[in-house]
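Colleague: The residues making up each chain are set out below.
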Amino acid sequence: MPLLEDGRLRPDDWTSIEDDAPLPDGPAIISLDRLRAEAAALAGRNAPLGVAVAPETQPEEIAPFLDRLALVAVRMPKPKDGRAFTQARSLREHHGFTGEIRATGHIIPDHYAMLLRCGVTTVEVPEGTDPATWTRSRDAIRVGYQAAQGADRPLSLLRRKLELA
Amino acid sequence: MNALTYPPHARTYRYDEIDREFLQERIAEFRGQIERRLAGELTEDEFKPLRLMNGLYLQLHAYMLRVAIPYGLLNSAQLRQLGRIARRWDRGFGHFTTRQNIQFNWTKLEDVPAMLEALAEVDMHAIQTSGNCIRNTTTDEYAGATPDEVVDPRVYAEILRQWSTLHPEFTWLPRKFKIAITGSPNDRVAAQVHDVGVLAKRNERGEVGFEIHAGGGLGRTPIIARKLRDWVPEAEFLAYMEAVLRVYNALGQRENIYKARIKILVRDLGDEFTQMVEREYERMPRDRYRLDPEIVAAIGAHFAPPPFASLEDQALHADPEFRQWASASVRAHRQPGYASVTISLKPIGGIPGDASADQMEAVADLAERHSFGEIRVTHVQNLVLPHVRQEDLYALWGGLRAAGLATPNIGLISDIIACPGMDYCALATARSIPIAQRISERFASLDRQHDIGECFINISGCINACGHHHVAHIGILGVDKRGEEVYQVTLGGSATNDAAIGELIGPAFSYDTIVDAVETLITTYIAHRVPGERFIDTYRRVGVTPFKDALYAPA
Amino acid sequence: MSTKAKARPATAPVVFTANRLRDGRVVWLGTAGLWRDAITETVPFAPEAAETGLALARQGERDQHVVGVYAVEVDLAGPTPLKFRERLRVQGPSVAAEAA
Ligand code: SF4
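Chains as they are written, first to last, in my numbering: chain A, 66 to 230; chain B, 19 to 573; chain C, 1373 to 1472.
Honestly, the hints are just simulated from the structure, not real lab data.
Among the hints, a few may not be true.
[Said to hold, decoys possible] Under the rule of at most 30 Å between Cα atoms (straight-line distance), these lysine-lysine pairs were calculated in the DSSO-like manner:
1. B/Lys219 / B/Lys245
2. B/Lys194 / A/Lys143
3. B/Lys277 / C/Lys1455
4. B/Lys245 / B/Lys126
5. B/Lys196 / A/Lys145
6. B/Lys277 / A/Lys143
7. B/Lys499 / B/Lys277
8. B/Lys245 / B/Lys194
9. B/Lys126 / B/Lys196
10. B/Lys196 / B/Lys219
11. B/Lys499 / C/Lys1455
12. A/Lys145 / B/Lys194
13. B/Lys194 / B/Lys126
14. B/Lys196 / A/Lys143
15. B/Lys245 / B/Lys196
16. B/Lys277 / A/Lys145
17. A/Lys143 / B/Lys126
18. B/Lys126 / C/Lys1455
19. B/Lys219 / B/Lys126
20. B/Lys194 / B/Lys277
21. B/Lys194 / B/Lys499
22. B/Lys245 / B/Lys277
23. B/Lys219 / B/Lys194
24. A/Lys145 / B/Lys126
[Said to hold, decoys possible] Per label pair, the in silico range of CB-to-CB distance:
25. C/Ser1466 / B/Arg559: 51 to 57 Å
26. B/Glu53 / A/Ser81: 31 to 37 Å
27. B/Ala571 / C/Ala1384: 36 to 42 Å
28. B/Arg301 / A/Glu70: 27 to 33 Å
29. A/Ala119 / B/Arg238: 24 to 30 Å
30. C/Ala1449 / B/Asp567: 41 to 47 Å
31. C/Thr1452 / A/Glu126: 55 to 61 Å
32. A/Asp132 / B/Arg238: 44 to 50 Å
33. C/Gly1450 / B/Arg456: 24 to 30 Å
34. B/Glu39 / C/Thr1412: 47 to 53 Å
Note that CB positions come from ideal geometry on N, CA and C, so glycine has one too.
For reference, chain A alone in the conformation it holds in the complex (with noise of 0.2 Å):
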């Protein structure tokens, strides 16, 4: 499936790789289980390497290999299950996770900005996207309230009226 990034569409170099699969050279997605069960063998990998979490991780199983992952997929299995923005800001603010943290599943645009500014990086989408339509939905509210991750990182907006004053 395509991937969004920064309102753009682009080519996904990841492989998904089943738990029984063999690992390919190039860049590759596992699972936790996988990445648990074979560490060891891992940490000679030079290829990229990252893993997709269940909605129901804490980031903190994952937190001991994340010096060598490139990639952190979270899930969202229902539009309605927000765990992942949890997970995401949680990955950027208490583990420093700095590569990319993919988010998969049933999203939809409404949710692209909420996302980005939880420190998310990338959307997987379904085939025959229109970016537009995410990009619209991003920018429809260019006003935030609160703190957020990442480099667009609005100050709060009391802090910022008092800017103003």
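Since the structure of chain A is provided, determine the placement of chains B and C with the ligand on it from the hints.
Modeller: What follows is chains B and C with the ligand alone, placed relative to chain A:
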């Protein structure tokens, strides 16, 4: 119309250009979402959470738009505009809710953008009045006026409002999330039956801090909240709230809707929940979440006392009818010569919480004349004029009478809370409004009501308990029994400092016998009371047995 | 939860109701898959044909015309819903003050 035409001394939070820009962007966004829905680009499953976050429900007969009244505070320009909206897009009525909001029951989806524009003209909106997000924070309707206030809760309610508005992390929670905050030692906000209940207080040095309770709630599983902390310093208030929400968002149940509220998580984890919140709080980069004193001061300036005249307290006008009204409706004020006035939206036989467009306009006028243009909505579905000169009370009463708003029953048995029930609500299992109407008709005699004294009856039309029946002295819950409406009765609930969940007294009553049952409870109380006792006091002293015997005695 | 269709098989004739997407008003499935304002214009299905009716009604959801389709058991006189809730849906709120 905008803030420029606001009454100059009404202490509601005043939007600046950024707040207005935000609101316009939000309306444009929702307008776009509605268009995508009508064009079939969004399915109902995708659209539903989006419309809910904009306050739009699909009810039994139509869409219902719930408009946010932040912590129950309105100025007269806003109330007048609500009246206009009721007239133009509803059937001339609005319904005030137990969350201090107002809802319009006959909304059309295609009218919603225009309604939101009209709201935005007076800096109002319907954001987060529904959906699995942080809802409108409720607070004390007498804030800034009551003599027992230690901290002005409006300041922190507004801070919570801003912080929770489209919070990027907490907009897709397991379930809705309701916060109540009080700044007085006498809890008038039912803090202990909220997802988070906040008691603002001061230490010996006069600094503000917060006692935090979490995991209270009504609904199917009523639970009194657990105290997480005695004291969170002001600067760390938002950090601590973030920590609570993070633990909930990560661990709250999402499979079973009946187990998804934070109360179930808190109940199941017990002290472990507190520990988890504390761990999260400890490791947060707290600088990012610090609430600076200048911020608090800047927000606080919106709620500075209005220019009170220096007056002396005075005796009430001698008119006995006026005095009867005043004894129920007028409340002491911290400023000498002033009083707070509660306006009953519970006329005998009326729909609790309903106000007509004319009434809204009348109250707006009276507020401008007598209360610095300020109005509050109470969680028992009445209105308050917070700052009225005592010398104006008699004239105000005349104005209220002319508008049909002077029923002298505040705190009495006909001051009933009732949710919309099956007459409007798609989730209902029974009607609640007609039960309230018939009870109030049964006790129509005001002398009798005053003789009975304080007694709270709350009615819910289903187990969701929007009518707060668990915390009423007499709680009534309508349920469906093989296609028939029947009503369960609970006794002894309380929503104040001594919060308690009422006890289910026995088998349910039919639609035709529930009013008689209430009357039997009241005659039993009268037979057993000693002088000075309210219904709840007698109940606590004599216990449930005499009431049970009276209700279920073989004829 | 876009549907309230019950799993329990119907034992009485059923009609189908929903809310119109545009204005939210209560509508009833009539002939030729058309949605009508009045229950008198609805077409009842025998209990064993309820599935067929539901499929027809669902088309209204797919066409973005209605939302929240569900079956209502009725007495054919009227027809009149057997349950009080749906009778209220037919009549409107039972409380007087807002009947403008
Ligand atoms: S308690 Fe039930 S019937 Fe009443 S408003 Fe809430 S959901 Fe509707």
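Colleague: Please go over all the hints and tell whether each is borne out by the structure.
Modeller: Against the structure, the hints come out as follows:
With a C-alpha separation of about 15 Å, the suggested pairing of B/Lys219 with B/Lys245 holds against the 30 Å cut-off. For the given pair, B/Lys194 sits about 17 Å from A/Lys143 by alpha-carbon distance, which is consistent with the 30 Å threshold. Of the pairs offered as hints, the one joining B/Lys277 and C/Lys1455 holds, with about 29 Å between alpha carbons and a cut-off of 30 Å not exceeded. With a C-alpha separation of about 43 Å, the suggested pairing of B/Lys245 with B/Lys126 is violated against the 30 Å cut-off.
In summary, the hint linking B/Lys196 to A/Lys145 is supported, as the alpha carbons are separated by about 18 Å, within the 30 Å threshold. With a C-alpha separation of about 18 Å, the suggested pairing of B/Lys277 with A/Lys143 holds against the 30 Å cut-off. Using a Cα cut-off of 30 Å, the hinted pair B/Lys499 and B/Lys277 holds, with the two alpha carbons roughly 24 Å apart. Of the supplied pair hints, the one linking B/Lys245 and B/Lys194 holds, its CA atoms being roughly 20 Å apart against a limit of 30 Å.
Restraint check for B/Lys126 and B/Lys196: satisfied, since their Cα atoms lie roughly 27 Å apart, inside the 30 Å limit. Using a Cα cut-off of 30 Å, the hinted pair B/Lys196 and B/Lys219 holds, with the two alpha carbons roughly 20 Å apart. Between B/Lys499 and C/Lys1455 the alpha-carbon distance is near 11 Å, which keeps this suggested pair within the 30 Å criterion. The straight-line distance between the Cα atoms of A/Lys145 and B/Lys194 is roughly 12 Å, inside the 30 Å bound, and the hint therefore holds.
Among the hinted pairs, B/Lys194 with B/Lys126 is consistent with the structure: their alpha-carbon atoms are about 24 Å apart, no more than 30 Å. Among the hinted pairs, B/Lys196 with A/Lys143 is consistent with the structure: their alpha-carbon atoms are about 23 Å apart, no more than 30 Å. As the CA atoms of B/Lys245 and B/Lys196 are separated by approximately 16 Å, the hinted pair is consistent with the 30 Å bound. For the proposed pair B/Lys277 and A/Lys145, the alpha carbon gap of about 16 Å is at most 30 Å, so the pair holds.
Between A/Lys143 and B/Lys126 the CA atoms are separated by roughly 28 Å; this keeps the pair inside 30 Å, and the hint holds. For the given pair, B/Lys126 sits about 26 Å from C/Lys1455 by alpha-carbon distance, which is consistent with the 30 Å threshold. A threshold of 30 Å between alpha carbons decides the hint, and for B/Lys219 with B/Lys126 the separation of about 44 Å lies outside it, so the pair is violated. With a CA separation close to 12 Å, the supplied pair B/Lys194 and B/Lys277 stays within the 30 Å bound.
With a CA separation close to 28 Å, the supplied pair B/Lys194 and B/Lys499 stays within the 30 Å bound. Between the alpha carbons of B/Lys245 and B/Lys277 the distance comes to roughly 20 Å, so the proposed pair stays at or under 30 Å and holds. Distance restraint check for B/Lys219 and B/Lys194: the Cα-Cα separation of roughly 27 Å lies within the 30 Å cut-off, and the hinted pair is therefore satisfied. About 25 Å separates the Cα atoms of A/Lys145 and B/Lys126, which keeps this hinted pair within 30 Å; it holds.
For C/Ser1466 and B/Arg559, the hinted distance range of 51 to 57 Å is not satisfied, since their beta carbons lie about 39 Å from each other. The supplied range of 31 to 37 Å is met by B/Glu53 and A/Ser81, whose beta-carbon atoms lie about 35 Å from each other. Range check, B/Ala571 to C/Ala1384: about 40 Å between beta-carbon atoms, so the 36 to 42 Å window is met. Against the hinted window of 27 to 33 Å, the Cβ-Cβ separation of B/Arg301 and A/Glu70 comes to about 30 Å, which satisfies the hint.
Judged by the Cβ atoms, the range 24 to 30 Å given for A/Ala119 and B/Arg238 holds: they are separated by roughly 28 Å. C/Ala1449 and B/Asp567 have their C-beta atoms about 45 Å apart, which keeps the hinted 41 to 47 Å range intact. Checking the proposed 55 to 61 Å range against C/Thr1452 and A/Glu126 shows it holds: the Cβ atoms sit about 58 Å from each other. Remark: the range hint 44 to 50 Å for A/Asp132 to B/Arg238 is upheld by a beta-carbon distance near 46 Å.
Taken as a hint, the range 24 to 30 Å holds for the pair C/Gly1450 and B/Arg456, whose Cβ atoms sit roughly 28 Å apart. Taking the beta carbon of each, B/Glu39 and C/Thr1412 are about 50 Å apart, inside 47 to 53 Å as hinted.
Hints 4, 19, 25 from the list above are not met by this structure, while the remaining hints are.
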